[in-house]
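Chemist: The primary structure of each chain is shown beneath.
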Amino acid sequence: MAEAAPRGMTDWIASRARWRIGEIVFWLACLLPLLPAQYLPSFLQPFWIFDRYLQLLSQIAITALFAISLDLILGYAGVVSLGHAAFFGLGAYAAGLISKFWFTDPLLGLLCSALLAGALGYISSFVILRFHGLALIMITLGLGQLLAEAANSASWLTGGADALQGIRAGKIFGVFEFDIYGQTAYIYALVVTFLVFLVARRITNSPFGMSIRGIRDNSRRMLAIGAPNQQHLRRVFTIAAAMAGVAGALLTQTTQTCSLETLNFQRSADVLVILILGGVGRLYGAMAGAIIYMIARDIFSDVNPQYWYFWIGLLLIAVVRYMPDGLLGGLSFLGSKLRRS
Amino acid sequence: MNDAATVLSASGVNKSFGSLVVANNIEFNLPTGQRHALIGPNGAGKTTFINLLTGMLQPDSGAIRLAGEDITNTPPAVRVKRGLVRTFQINTLFPQLTPIEAVTMAVCERRGEATTWWRGLSHYHEAIAEADQILTSLRLDKVATRTTRELAYGQQRLLEIALALATKPKVLLLDEPAAGVPKDESEDLFEVIAGLSSDLSILFIEHDMDIVFRFASHIIVLVSGAILVQGPPAEIAANPLVREVYLGKGRHGHAHS
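So the sequences go chain by chain: Z and H.
If you're matching positions, the first sequence starts at 649 in the numbering used here and goes up one per residue.
If you're matching positions, the second sequence starts at 478 in the numbering used here and goes up one per residue.
Isolated chain Z (complex conformation) (with noise of 0.2 Å):
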């Protein structure tokens, strides 16, 4: 009797790191925009857009992962952060001028954004983790603006305002080359993005997971139980800052063109929009986010391209007002009154 119940909790447990069947339909679906328009039925044909849209998507991917990487530490950590381009943009600049002076291949230059931009994370994270509330959201905001104006002035390397020259694109694996249609391209970044999710869903679903979810929800706990609260937040961080370099990285990869614009503030807000916008602490929320933000900013700076933010702001209202918990949190609700009811 007393064997019986762990195993019930074991099997709880692991319930809960189970894949869902819409997961792995949501995964299989993001193959579909690489299926040729000649291999469907013909009726379909006219409405096959999406291999005209392959860089949209690619760039939808590459914001999917820069998001997962903020939720790791807002979502799951509870750390707020307004300066997460910094690590994007170092990222984006690594991978840069690595293939500028030094190798072009893409998944090599990859490994080298990530570990600078985890360093520069780990460095920073001494300082950043000391604050809560408000003066960390303007400590982060800081060094954000930090980065950025020193690649602005530093433009003997980066270019400056000019936006970095010289960017060389390697073969992936030697073999695959990116193609002016962006096929390759967004294979590329929906594998990395795949990639790097399954090490951020295997972070949530760990005992670190839960321990740095034990400091978003009671920091003052998890000290009294004796738990190494600002160890954990800065390994948590660290991991983020590398992934948020993965996903620069790849931008620059896939456009071979990095400008200031990776380092903004703008990047750094709209990240966090969009995490807001999708549902945070759930990583799906992150990939929901980026979705309608990207195509809303696709069709809405079409039409008007000066005012598009506005309907990204009124977005942005009705969904912090009506579903505090995003667009995935709102439709996980529904979902649960449906069954239940």
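Hints are supplied without guarantee of correctness; some may be wrong.
Stated by the list, open to error - Using C-beta positions, here's what the derived DEER-type ranges look like:
no., chain 1, residue 1, chain 2, residue 2, range
1, Z, G822, H, R626, 51 to 57 Å
2, Z, V775, H, R720, 52 to 58 Å
3, Z, L964, H, R626, 25 to 31 Å
To be verified - To spell it out: a stretch of chain Z is covered by chain H in this simulated footprint if at least three of its residues, at any positions, have a beta carbon under 8 Å from a beta carbon of chain H; those stretches are:
no., region
4, 764-778
5, 871-879
Hints were generated in silico from the structure; no laboratory data involved.
No residue lacks a Cβ here, since even glycine has one placed at the ideal position from N, Cα and C.
Guided by the hints, dock chain H onto chain Z, whose structure is given.
Modeler: Below, chain H alone, put in the same frame as chain Z:
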């Protein structure tokens, strides 16, 4: 009583905030396996004394010893690792975790497994089994997979204790474990506490005198940061000073400093 079996002691502990004296030359000994109660009127410095013992506050002078070792300057987290653990008067829980997750996590913290991020929590069978056993011993097994914030208040009070037990304490400091719990339920709660391992030494703060006299082997009366008197329950009940300062003024609410 003050022999080699003393597990936690305070000697000559003083603490003031400006001109307000909150701990006045406190001498305190907790023998292994005993259940001592700390009572006193509101603002007597009971919670402050717990904070001094756990290291959340530093005494101005005096020494605190745990199992014979001086821990006066030891950081709070290290004291927890050595077995000195507290609970809180106001629920200090993890609202979005379930009890089984929270207690398993606390067990993993103790076992040094909480830095592992590449392995799923469900692989930690021993930690889960231990958490399950703790929750069962506190009658929380039925609600172990519900989100903490959805638990009944009394169950949350028990979870307070469950989290502390997950650290495998030698000494448990319970700051009003039954605060806010209706009288009949608070007796159940103390039955559970009384049933904890007899190796565990407990100091608890409680306002309900019936409960104090029933569950404590020794009572310490704190008034204005100083120990007025201490002794076995019968002695305290008969003490005229206590009757005047504490019991004589009638019962009071649960809220205190």
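Chemist: None of the hints should be skipped; say for each whether it holds.
Modeler: For each hint, the structure was consulted:
Roughly 53 Å separates the CB atoms of Z:G822 and H:R626, a value that falls within the hinted 51 to 57 Å. Distance hint check for Z:V775 and H:R720: the Cβ-Cβ separation is about 57 Å, which falls inside the suggested range of 52 to 58 Å. Range check, Z:L964 to H:R626: Cβ separation about 26 Å, and the 25 to 31 Å hint holds. A stretch counts as covered by a chain when three or more of its residues have a beta carbon under 8 Å from one of that chain; for the region 764-778 of chain Z and chain H the count is 0, and the coverage is violated.
Requiring three or more residues with a Cβ within less than 8 Å of a Cβ of chain H, the coverage given for the region 871-879 of chain Z holds, as 7 such residues are present.
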